[in-house]
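Student: With chain A fixed as given, assemble chain B onto it according to the hints.
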Amino acid sequence: MYAQLVETGVKRLKTLEEMSEQERAFQEKIDAEIKIEPKNWMPDAYRQTLIRQISQHAHSEIVGMLPEGNWVTRAPSLKRKLQLMAKIQDEAGHGLYLYSAMETLGADRDEEVAKLHSGKAKYSSIFNYPTLNWADMGAVGWLVDGAAIVNQVVLQRTSYGPYSRAMIRICKEESFHQRQGYEILLTMMRHGTQAQKDMVQDAINRLWWPALMMFGPSDEHSPNSAQSMAWKIKRQSNDELRQRFIDQTVPQLELLGCTAPDPELKWNAERGHYDFGAIQWEEFYEVLKGNGPCNQERLATRRKAIEDGAWVRAAAVAHARKKHNKNAA
Amino acid sequence: MSEWTLFEVFVRSKHGLNHKHVGSVHAADAVMAIEHARELYTRRNEGVSLWVVPSALITASSPDEKDPLFDPAEDKVYRHASFYELPAEVGHM
Chain A
1 MYAQLVETGV
11 KRLKTLEEMS
21 EQERAFQEKI
31 DAEIKIEPKN
41 WMPDAYRQTL
51 IRQISQHAHS
61 EIVGMLPEGN
71 WVTRAPSLKR
81 KLQLMAKIQD
91 EAGHGLYLYS
101 AMETLGADRD
111 EEVAKLHSGK
121 AKYSSIFNYP
131 TLNWADMGAV
141 GWLVDGAAIV
151 NQVVLQRTSY
161 GPYSRAMIRI
171 CKEESFHQRQ
181 GYEILLTMMR
191 HGTQAQKDMV
201 QDAINRLWWP
211 ALMMFGPSDE
221 HSPNSAQSMA
231 WKIKRQSNDE
241 LRQRFIDQTV
251 PQLELLGCTA
261 PDPELKWNAE
271 RGHYDFGAIQ
281 WEEFYEVLKG
291 NGPCNQERLA
301 TRRKAIEDGA
311 WVRAAAVAHA
321 RKKHNKNAA
Chain B
1 MSEWTLFEVF
11 VRSKHGLNHK
21 HVGSVHAADA
31 VMAIEHAREL
41 YTRRNEGVSL
51 WVVPSALITA
61 SSPDEKDPLF
71 DPAEDKVYRH
81 ASFYELPAEV
91 GHM
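Here the protein sequences line up with chains A and B, keeping their order.
So the first sequence is numbered by UniProt numbering: it starts at 1 and just counts up by one.
So the second sequence is numbered by UniProt numbering: it starts at 1 and just counts up by one.
Only chain B is shown next, with the shape it has when bound in the complex:
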């Protein structure tokens, strides 16, 4: 198995929804990874479409970078619709 590649598996549960990460499988190639993912993650109609991606190709942000990456968003309240107060007579906008 050491020579097999680790793939991350994404399942689209229904038409119109995004593919969502569900876990990983080992396989010799991508075709086999799809077969394994089908057996492992969709035995009970959990999906209508599968993606597999070699885990090594994913770049992830580090939890240590959480503050520099995401904090700047916190003081930008004017990016939310609720920041703007409009008179009641405008109605739903």
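Bound conformation, chain A alone:
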């Protein structure tokens, strides 16, 4: 989701008998739902998987500011502009909580950010789609943050303490994001002109499938899930989470008076869930490979931000040093 296809580097789960004494003690702690803390012993593959997952999650929060930044100067009112800026600032905050959690594993923030900028590290596929009209701000808040919440609520119980605590903080703030998004759409549908209502349906048509892809490949094509679940880094499967999201979102879609671009979407009373059509996974893999509509632009914007800010960071250090020397003298 915010972290998709996270490598564990593990081909097959070890049985308890195959594990070293240390590994077994570690796994038993996980099984007993005892959180792993930074100074505890952990298998290197667990540490590396977490660094990949948490950094990917953090990068997603940071890159996730860009599609919304596109609308700050064009928000339809001062109220909407303030709300949007507050949401974007939250995303920056979420990125920072997560980078901090990642650093407790011994990873270096600068190095991980450099991996993002070189294209080596991934971030969520969803942020490589453009935000073309104002209704996209509503649809992003409602669908994208909504999908993120479904994932993150479960991650509050992830086995690594600092990651779990970051998730708890983030979840507290995230529901404002989804509600403000849905309110934008509801306002347009209830009080808007026909053209504005059409914009809402257009935004949903474009973002519906990419939002469903956020949960990652279906379970049978999710090679790293078994190990991540055994380590309780991941707590529920991609397909379970996707289904939960669809089930809770369809009634909200109907309340808006809109439709999903999926003719096969319908309630299945027998399963007690909505059925839905096949997801175009080729598109997902292409976007992850860097071939989505906005991949180049997103990374170029991030790189420019870091490069243009270099003198500010250097000046801050020079200023701090000068003040320090003055106080010492």
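Hints are supplied without guarantee of correctness; some may be wrong.
[Stated by the list, open to error] Computed list of lysine to aspartate or glutamate pairs in EDC-like fashion (alpha-carbon distance at most 20 Å, straight line):
(1) A:Lys323 <-> B:Asp71
(2) A:Lys323 <-> B:Asp29
(3) A:Lys35 <-> B:Asp64
(4) A:Lys323 <-> B:Glu46
(5) A:Lys39 <-> B:Asp64
(6) A:Lys29 <-> B:Asp64
(7) A:Lys81 <-> B:Glu39
(8) A:Lys323 <-> A:Asp308
(9) B:Lys66 <-> A:Glu307
(10) B:Lys20 <-> B:Glu3
(11) A:Lys322 <-> B:Glu39
(12) A:Lys39 <-> B:Glu8
(13) A:Lys39 <-> B:Glu35
(14) A:Lys120 <-> A:Glu307
(15) B:Lys20 <-> B:Glu39
(16) A:Lys232 <-> A:Asp108
(17) A:Lys115 <-> A:Glu307
(18) B:Lys66 <-> A:Glu286
(19) A:Lys35 <-> B:Glu65
(20) A:Lys326 <-> B:Asp64
(21) B:Lys66 <-> A:Glu28
(22) B:Lys20 <-> A:Glu37
(23) A:Lys29 <-> B:Asp67
(24) A:Lys120 <-> A:Glu286
(25) A:Lys172 <-> B:Glu46
(26) A:Lys304 <-> A:Asp110
(27) A:Lys322 <-> B:Asp29
(28) A:Lys29 <-> A:Asp44
(29) A:Lys172 <-> B:Glu39
(30) A:Lys120 <-> A:Glu7
(31) A:Lys35 <-> A:Glu23
(32) A:Lys29 <-> B:Glu65
(33) A:Lys266 <-> A:Asp247
Treat the hints as calculated values from the structure; they're not laboratory data.
What you are looking at is a predicted structure, and each value in this text was computed from that prediction instead of being measured.
Tutor: Below, chain B without anything else, positioned relative to chain A:
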């Protein structure tokens, strides 16, 4: 950022309560660390006071020392009020 220092952040959520650890920030100095901590950890009235401490200055006990450090407390039940049985007529004490 490599030249910036990592600070641990503590927030007092209400008057009368202790400062509690909430996370960390990078900053060029302590003044900037307070500014960053304010933006990062108290955007929604989470606190009335902030402390920042360079992370490198904190000494922590190791989880491996848990037994030698904390086990000795376990067999000292006489340190708890409930250890002392008093007759009912004493009333609340």
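Student: Compare the structure with each hint and give your call.
Tutor: These are the hints, each one checked on the structure:
Distance check on the hinted pair: Lys323 (chain A) and Asp71 (chain B) sit about 47 Å apart at the alpha-carbon level, beyond 20 Å; violated. In summary, the hint linking Lys323 (chain A) to Asp29 (chain B) is supported, as the alpha carbons are separated by about 9 Å, within the 20 Å threshold. Between Lys35 (chain A) and Asp64 (chain B) the alpha-carbon distance is near 15 Å, which keeps this suggested pair within the 20 Å criterion. A hinted pair counts as satisfied when its Cα atoms are at most 20 Å apart, and Lys323 (chain A) with Glu46 (chain B) does not qualify at roughly 30 Å.
Between Lys39 (chain A) and Asp64 (chain B) the CA atoms are separated by roughly 9 Å; this keeps the pair inside 20 Å, and the hint holds. Between the alpha carbons of Lys29 (chain A) and Asp64 (chain B) the distance comes to roughly 15 Å, so the proposed pair stays at or under 20 Å and holds. A threshold of 20 Å between alpha carbons decides the hint, and for Lys81 (chain A) with Glu39 (chain B) the separation of about 19 Å falls inside it, so the pair holds. In summary, the hint linking Lys323 (chain A) to Asp308 (chain A) is not supported, as the alpha carbons are separated by about 25 Å, beyond the 20 Å threshold.
Using a Cα cut-off of 20 Å, the hinted pair Lys66 (chain B) and Glu307 (chain A) is violated, with the two alpha carbons roughly 45 Å apart. Distance hint between Lys20 (chain B) and Glu3 (chain B) is unfulfilled; the C-alpha atoms sit about 27 Å from each other, more than 20 Å. For the proposed pair Lys322 (chain A) and Glu39 (chain B), the alpha carbon gap of about 25 Å is over 20 Å, so the pair is violated. Proposed proximity of Lys39 (chain A) and Glu8 (chain B) is supported: the alpha carbons are some 16 Å apart, at most 20 Å.
This hinted pair does not check out: Lys39 (chain A) and Glu35 (chain B) have alpha carbons roughly 29 Å apart, beyond 20 Å. Under the criterion of a C-alpha separation no larger than 20 Å, the hint pairing Lys120 (chain A) with Glu307 (chain A) is consistent with the structure, at around 18 Å. This hinted pair checks out: Lys20 (chain B) and Glu39 (chain B) have alpha carbons roughly 17 Å apart, not beyond 20 Å. For the proposed pair Lys232 (chain A) and Asp108 (chain A), the alpha carbon gap of about 24 Å is over 20 Å, so the pair is violated.
A C-alpha spacing of about 15 Å is found between Lys115 (chain A) and Glu307 (chain A), which places the hinted pair at or below 20 Å, so the restraint holds. Between Lys66 (chain B) and Glu286 (chain A), the direct Cα distance comes to roughly 49 Å. Violation of the 20 Å bound is thereby established for this hinted pair. Simply put, Lys35 (chain A) and Glu65 (chain B) have alpha-carbon atoms about 17 Å apart, close enough for the 20 Å limit, and the pair holds. Distance restraint check for Lys326 (chain A) and Asp64 (chain B): the Cα-Cα separation of roughly 43 Å exceeds the 20 Å cut-off, and the hinted pair is therefore not satisfied.
Annotation: proposed proximity of Lys66 (chain B) to Glu28 (chain A) holds, straight-line Cα distance about 18 Å (limit 20 Å). A threshold of 20 Å between alpha carbons decides the hint, and for Lys20 (chain B) with Glu37 (chain A) the separation of about 18 Å falls inside it, so the pair holds. The hinted pair formed by Lys29 (chain A) and Asp67 (chain B) meets the criterion: a straight-line CA distance of about 16 Å does not exceed 20 Å. Restraint check for Lys120 (chain A) and Glu286 (chain A): the C-alpha separation of about 15 Å stays at or below 20 Å, so the hint holds.
In summary, the hint linking Lys172 (chain A) to Glu46 (chain B) is supported, as the alpha carbons are separated by about 12 Å, within the 20 Å threshold. Proposed proximity of Lys304 (chain A) and Asp110 (chain A) is supported: the alpha carbons are some 15 Å apart, at most 20 Å. Of the supplied pair hints, the one linking Lys322 (chain A) and Asp29 (chain B) holds, its CA atoms being roughly 11 Å apart against a limit of 20 Å. Between Lys29 (chain A) and Asp44 (chain A) the alpha-carbon distance is near 16 Å, which keeps this suggested pair within the 20 Å criterion.
For the hint pairing Lys172 (chain A) with Glu39 (chain B), the CA-to-CA distance comes to about 16 Å; that is within 20 Å, so the pair holds. At most 20 Å may separate the alpha-carbon atoms for a hinted pair to count; Lys120 (chain A) and Glu7 (chain A) meet this at roughly 13 Å. Between Lys35 (chain A) and Glu23 (chain A) the CA atoms are separated by roughly 15 Å; this keeps the pair inside 20 Å, and the hint holds. Restraint check: the Cα-Cα separation between Lys29 (chain A) and Glu65 (chain B) comes to about 17 Å, which is no more than 20 Å; the hinted pair holds.
About 10 Å separates the Cα atoms of Lys266 (chain A) and Asp247 (chain A), which keeps this hinted pair within 20 Å; it holds.
Of the numbered hints stated above, those contradicted by the structure are hints 1, 4, 8, 9, 10, 11, 13, 16, 18 and 20, listed in ascending order.
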